[in-house]
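Okay, here's what each chain looks like letter by letter:
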Amino acid sequence: MLEIRNLTKIYDDGTVALRNVSFTVPDREFLVVIGLSGSGKSTLLRCINRLIDPTEGQILWDGVDITALKGDDLRRMRRQIGMVFQQFNLVKRSTVMTNVMAGRLGYSPTWRSITNQFDEADRKRAQTALKRMGITDQANKRADELSGGQQQRVGIARTLMQEPKLILADEPVASLDPVLAHSILQHLESLNREDGITIICSLHYLDLVQRYSTSVIGLRDGQVVYQGTKKQILRMTDAEFKSIYGEEAERMGGISGDIAADDEDSAGEEVTG
Amino acid sequence: MSQKVQTVEEKPSLVPPVLTGLLSLVVPGLGHMLARQFRKGLVLLLVFLSAAGLWIWRVSDAARREVGFTAMFKKAIQLQPILLIILVVLVLLYLLIAYDAYKVAAKAKASSFLLWVFVVASFFILGWQIGEIRPAVLVRDGKNSLPLLMRVLWPWEKALYYPEELLIGSADVVIPCTENVEVPPRVVEEGDPYVTVTPNCGDLSEIAGAEGTKLRMVGSNFAPNDETEIWWVDQVRNEFRYRYGGEYVKIVTDENGSFEMDVIIPYRVIPTTGGKGYAVWQVEARQVASVGEPVLSEELKLSVEKMIETIFLGMMSTVFGVILSIPVSFIASRNLMSANWFTKTIYMVVRTILNIIRSIESLVWAVIAIIAVGLGPFAGILALTVHSIAALGKLYSEAIESIDHGPVEAIQATGANWLQTVWYAVIPQIVPPFVSFTIYRWDINVRMSTVIGMVGGGGIGYLLIQWIRLLDYRSAGIAIWFIAITVAILDYVSSEIRNRFV
Ligand SMILES: Nc1ncnc2c1ncn2[C@@H]1O[C@H](COP(=O)(O)OP(=O)(O)OP(=O)(O)O)[C@@H](O)[C@H]1O
Ligand SMILES: [Mg+2]
Chain A
1 MLEIRNLTKI YDDGTVALRN VSFTVPDREF LVVIGLSGSG KSTLLRCINR LIDPTEGQIL
61 WDGVDITALK GDDLRRMRRQ IGMVFQQFNL VKRSTVMTNV MAGRLGYSPT WRSITNQFDE
121 ADRKRAQTAL KRMGITDQAN KRADELSGGQ QQRVGIARTL MQEPKLILAD EPVASLDPVL
181 AHSILQHLES LNREDGITII CSLHYLDLVQ RYSTSVIGLR DGQVVYQGTK KQILRMTDAE
241 FKSIYGEEAE RMGGISGDIA ADDEDSAGEE VTG
Chain P
1 MSQKVQTVEE KPSLVPPVLT GLLSLVVPGL GHMLARQFRK GLVLLLVFLS AAGLWIWRVS
61 DAARREVGFT AMFKKAIQLQ PILLIILVVL VLLYLLIAYD AYKVAAKAKA SSFLLWVFVV
121 ASFFILGWQI GEIRPAVLVR DGKNSLPLLM RVLWPWEKAL YYPEELLIGS ADVVIPCTEN
181 VEVPPRVVEE GDPYVTVTPN CGDLSEIAGA EGTKLRMVGS NFAPNDETEI WWVDQVRNEF
241 RYRYGGEYVK IVTDENGSFE MDVIIPYRVI PTTGGKGYAV WQVEARQVAS VGEPVLSEEL
301 KLSVEKMIET IFLGMMSTVF GVILSIPVSF IASRNLMSAN WFTKTIYMVV RTILNIIRSI
361 ESLVWAVIAI IAVGLGPFAG ILALTVHSIA ALGKLYSEAI ESIDHGPVEA IQATGANWLQ
421 TVWYAVIPQI VPPFVSFTIY RWDINVRMST VIGMVGGGGI GYLLIQWIRL LDYRSAGIAI
481 WFIAITVAIL DYVSSEIRNR FV
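So the protein lines, in turn, are chains A and P. With my numbering as the guide, the letters of the first sequence map in order to residues 1 to 273. With my numbering as the guide, the letters of the second sequence map in order to residues 1 to 502.
Since the hints were derived computationally from the structure, they do not count as laboratory data. Honestly, I wouldn't trust all of these hints.
On the chain A side, residues computed to face chain P include the following (Cβ under 10 Å) [stated by the list, open to error]:
#, residue
1, 77
2, 176
3, 230
For each label pair, taking beta carbons as the anchor points, the in silico distance ranges come out as [unchecked claim]:
#, chain 1, residue 1, chain 2, residue 2, range
4, P, 323, A, 70, 52 to 58 Å
5, P, 323, A, 140, 29 to 35 Å
6, P, 338, A, 110, 24 to 30 Å
7, P, 360, A, 121, 37 to 43 Å
8, P, 360, A, 112, 45 to 51 Å
9, P, 349, A, 140, 41 to 47 Å
10, A, 144, P, 498, 17 to 23 Å
These stretches of chain A come out as covered by chain P in the derived footprint (C-beta under 8 Å, 3 or more residues) [what the hints assert, rightly or not]:
#, region
11, 61–70
12, 182–195
Since this is a predicted model, take the numbers as computed values, not measurements. Note that beta-carbon positions come from the ideal geometry of N, C-alpha and C, so glycine has one too.
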């Protein structure tokens, strides 16, 4: 279980990206973070694996405070948390295989990994990950020769090498067309359902949110303004929508406010302050 | 920008247009300043003053010896009419500035295009005069030096050397015939060429007078069927070639290597006899006989040796430059050095030092290095290394600064440590630019090493400048050919490497 307590992040230039954010993520959850650009989604995800150091607050991962970890402890924690990026963040000039093997670095001794001596078990793992993502035949190509969808699969295969308990996905499909977006999210869904990996994912399109999430939190100006379960998301009201995306926001597609208003259970709990 | 122009046009000139123009005639540019175009006025003032100053300098330079300006001016114009043209352009410029000031004050919308054309033209003509540009000289002297240039362009006659041997046989001649003079007999080894004259004494010719004594000269043991020159050596060992009727005398030996001919004792201006009343001269037969097969000339061999030295000079300085500039580039990268004020200070200091080093040319560094370690390739290597460190340090650090931070974060997020992150995310990104900058620098270093010898830093440049100074254009041509060939090969190789790696 991941528990975020009173998390605040103030950047060096004074930007308050997160204000007193608290929520919990039970194991095996597919949590989607929504919010406008600049609302603090990336900051939140990066705080969880400490690519960014939070200013205040705690992040408890099975009872261990991630914010207090340093050095080897921090790296041991990081290797259990996979991360998938919008821009894939592959090492473009390296092969797909090398990119995938890089996911194992947290488990490998420095010298052996630098001299490219991974053990047999790691190589098997890589084959399995590539196969699962359907990119076995691309293994020896350079990463930048692949299409966007293939590159993102390499990104996921890299996190699979970590045998993660949690995957952070920061807008994993924002650079992809809708068909590929579904394909990538289905892979994440299968990891969530079949392997029991907790997923925290930021997304922009509400239809994707409604299709894949098991629960949702909405951020606005660094504050949590919405929390809902899968049921509640399907019946998100216009008022809730506007609390996340602002008064001027127009809702398009998805489930209409009318249907949502009919249902008594519809109201997601709104968190203020 | 457009707003500025607007405000200028809104506010009227401080003085009426005509006065503006007149004031501009007093001080060029003053009119514009008063018409609220201060910056343009200042630029025009500085332009006019510097052009006029340069013109005065050139006039006094052209007529150094004259005193007083009028005399100088007259002489200078006479020597270099172009100075008069410059004067005309400057006067026109002066008038145009005033006219432009008037137009500006009168808010006429005419452009100042012509004014700026004259500004550019005046400096161009000044440059022509200062640069002593004389295309006629190029055509005239170029034509005359064509044979010399041909030697540079096709120097290969000097690539081979035909080994030769000088065969000399000589005999003593006593002048004039004197009693009781003991001339020691010549000792000639068996088979060596020798010469006899009969008689072995006589009188000199007189200038435009009677001919001297005719001697019978017999030579043997020379190379057969080959030209033989006759030389005289007087009592003070002055050598001069024997002429008859104004022509140098040559005789061709027979198939046995012998010859027989008459020679007449020539005249000599300097007194022939000292206190003794006689002098002993020698008459010599000389043959330049080629022996053996042609071999590569010394010049060619030297060029090859020095070219190899040159290539290695460029290579070693590149290797040292790369090795030393890699650590430098890391501390000169903003993104790696922005952690705190201390590292930022190091970054600033290193960057500044690199910029200073880079702004001094390699040739100047070579002169400095020679002071430290003396003439030779080591000085050249030092100079090119220093310059390479500065240039590569900057290029490398810019490559490091421009890497994509995404993969670095992604690798960090897998739990990799610092070294693993650098190895997996940073190095792959900087290898291509590093390789390409290194090849680029290698290219520059080999080119530079061909000229660094001209100041004494080793390599082929030393030979080249020496041969040019000795007017040995063929040898210089050989050196130039080697440089051109090497640079062409280098170009090809480096572009191949670049295609492979980048
Ligand atoms: N390194 C930084 N330094 C200063 N301010 C930052 C930095 N990174 C982000 N911010 C600011 O923090 C706020 C939150 O940014 P964040 O990237 O977390 O938003 P986001 O929800 O991920 O937006 P997007 O959907 O555009 O990715 C924004 O106002 C942003 O300008
Ligand atoms: Mg973001």
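So, going through the hints one by one against the coordinates:
1. Interface restraint check: residue 77 of chain A against chain P, minimum CB-CB distance 8 Å, threshold 10 Å, status holds.
2. Proximity of residue 176 of chain A to chain P is violated relative to the hint, the smallest CB-CB distance being about 16 Å (cut-off 10 Å).
3. Nearest Cβ of chain P to the Cβ of residue 230 of chain A: about 28 Å, over the 10 Å cut. The hint is violated.
4. Restraint check, residue 323 of chain P to residue 70 of chain A: a C-beta distance of roughly 35 Å breaks the suggested window 52 to 58 Å.
5. Range check, residue 323 of chain P to residue 140 of chain A: Cβ separation about 33 Å, and the 29 to 35 Å hint holds.
6. In this structure the hint that residue 338 of chain P and residue 110 of chain A lie 24 to 30 Å apart at CB holds, the actual value being about 26 Å.
7. Take residue 360 of chain P and residue 121 of chain A: their Cβ atoms lie about 57 Å apart, and the range 37 to 43 Å is violated.
8. Range check, residue 360 of chain P to residue 112 of chain A: about 46 Å between beta-carbon atoms, so the 45 to 51 Å window is met.
9. A C-beta distance of roughly 45 Å is found between residue 349 of chain P and residue 140 of chain A, which places it inside the suggested range of 41 to 47 Å.
10. In this structure, residue 144 of chain A and residue 498 of chain P meet the distance hint of 17 to 23 Å, their C-beta atoms being roughly 19 Å apart.
11. Closer than 8 Å: that is the beta-carbon criterion, and the region 61–70 of chain A has 0 residues meeting it against chain P, so the requirement of 3 is violated.
12. A stretch counts as covered by a chain when three or more of its residues have a beta carbon under 8 Å from one of that chain; for the region 182–195 of chain A and chain P the count is 0, and the coverage is violated.
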